[in-house]
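Student: Sequence order for the protein chains is F and D. Residue numbers are given in our numbering: position 11 of the first sequence equals residue 11, and the series is strictly consecutive. Residue numbers are given in our numbering: position 92 of the second sequence equals residue 92, and the series is strictly consecutive.
A hint or two may mislead.
According to the in silico footprint, chain D covers these stretches of chain F (three or more CB under 8 Å from chain D) [said to hold, decoys possible]:
id, segment
1, 7 to 18
2, 44 to 56
3, 90 to 100
Simulated from the structure, these hints should not be mistaken for lab results. Glycine is no exception: its CB is placed at the ideal position from the N, C-alpha and C atoms.
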Amino acid sequence: DIQMTQSPSSLSASVGDRVTITCRASQSIGSYLNWYQQKPGKAPKVLIYDASSLQSGVPSRFSGSGSGTYFTLTISSLQPEDFATYYCQESYTDKFGQGTRLETK
Amino acid sequence: EVQLLESGGALVQPGGSLRLSCAASGFTFSNYAMSWVRQAPGKGLEWVSAITNSAGRAYYAASVKGRFTISRDNSKNTLYLQMDSLRAEDTAVYYCAKDHDGEHGNGYHCDYWGQGTLVTVSS
Numbered sequence: 001d002i003q004m005t006q007s008p009s010s011l012s013a014s015v016g017d018r019v020t021i022t023c024r025a026s027q028s029i030g031s032y033l034n035w036y037q038q039k040p041g042k043a044p045k046v047l048i049y050d051a052s053s054l055q056s057g058v059p060s061r062f063s064g065s066g067s068g069t070y071f072t073l074t075i076s077s078l079q080p081e082d083f084a085t086y087y088c089q090e091s092y093t094d095k096f097g098q099g100t101r102l103e104t105k
Numbered sequence: 001e002v003q004l005l006e007s008g009g010a011l012v013q014p015g016g017s018l019r020l021s022c023a024a025s026g027f028t029f030s031n032y033a034m035s036w037v038r039q040a041p042g043k044g045l046e047w048v049s050a051i052t053n054s055a056g057r058a059y060y061a062a063s064v065k066g067r068f069t070i071s072r073d074n075s076k077n078t079l080y081l082q083m084d085s086l087r088a089e090d091t092a093v094y095y096c097a098k099d100h101d102g103e104h105g106n107g108y109h110c111d112y113w114g115q116g117t118l119v120t121v122s123s
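All chains, please: the whole structure from these sequences, using the hints.
Tutor: Right, here's the structure in full:
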């Protein structure tokens with residue numbers, strides 16, 4: 001079974017900060033990695049697919065990189081609406097990471 | 001506008017059954033694979049099941065295989081999840097999600113999600 005591990009589990013940051021979230025796969029998944037954002041009480045929303053492709057309508061401050069077993073999601077300049085929980089998901093066997101809660105400092 | 005509306009969530013006793021529905025609109029339903037993803041209270045996301053656009057193939061998480069059955073009616077633009085032998089650990093909000101293509105192959109992603117329906121398994 002593929003395991004997905006995100007770090008950190010939670011993160012405190014301020015508006016304007018550059019933030020990076022990491023996702024590691026227990027075995028190589030190529031570029032089959034998606035990133036989702038979820039706000040409290042709301043459905044998830046896809047941000048990045050295929051490790052680095054920006055979903056239509058998602059602000060360009062979001063970017064993804066990586067391949068194989070190591071992936072990152074970067075928010076270049078944090079905005080107030082970005083405080084949420086972020087999940088990676090490998091689209092090889094559908095597993096999600098445990099989530100990273102991004103909170104205001 | 002793509003819309004996905006789940007229904008059927010309820011309080012059910014352990015060992016019981018429930019069928020969830022997801023009514024789709026705003027896109028050609030028969031062209032796309034569909035998925036169910038759940039989220040236990042206060043917990044993360046867990047992929048549950050998926051079905052290809054023609055219903056030719058269905059996929060299940062190990063935690064629900066043999067107990068849940070995914071199906072779709074392309075004439076009614078509706079996705080279903082039949083849940084049998086329910087357990088307390090199945091308690092969650094169940095989301096219906098549209099895949100970006102028809103096959104749920106490697107490299108898929110879910111580009112639209114419903115708002116979810118709550119299933120509570122308790123005596």
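Student: Each hint needs a verdict: does it hold in this structure or not?
Tutor: Evaluated hints:
1. Coverage of the segment 7 to 18 of chain F by chain D is violated in this model, with 0 residues showing a Cβ closer than 8 Å to a Cβ of that chain against a need of three.
2. With a threshold of 8 Å between beta carbons, the proposed coverage of the segment 44 to 56 of chain F by chain D holds, since 6 of its residues qualify and at least three are required.
3. With 8 residues carrying a beta carbon less than 8 Å from a beta carbon of chain D, the segment 90 to 100 of chain F meets the three-residue requirement, and the given coverage holds.
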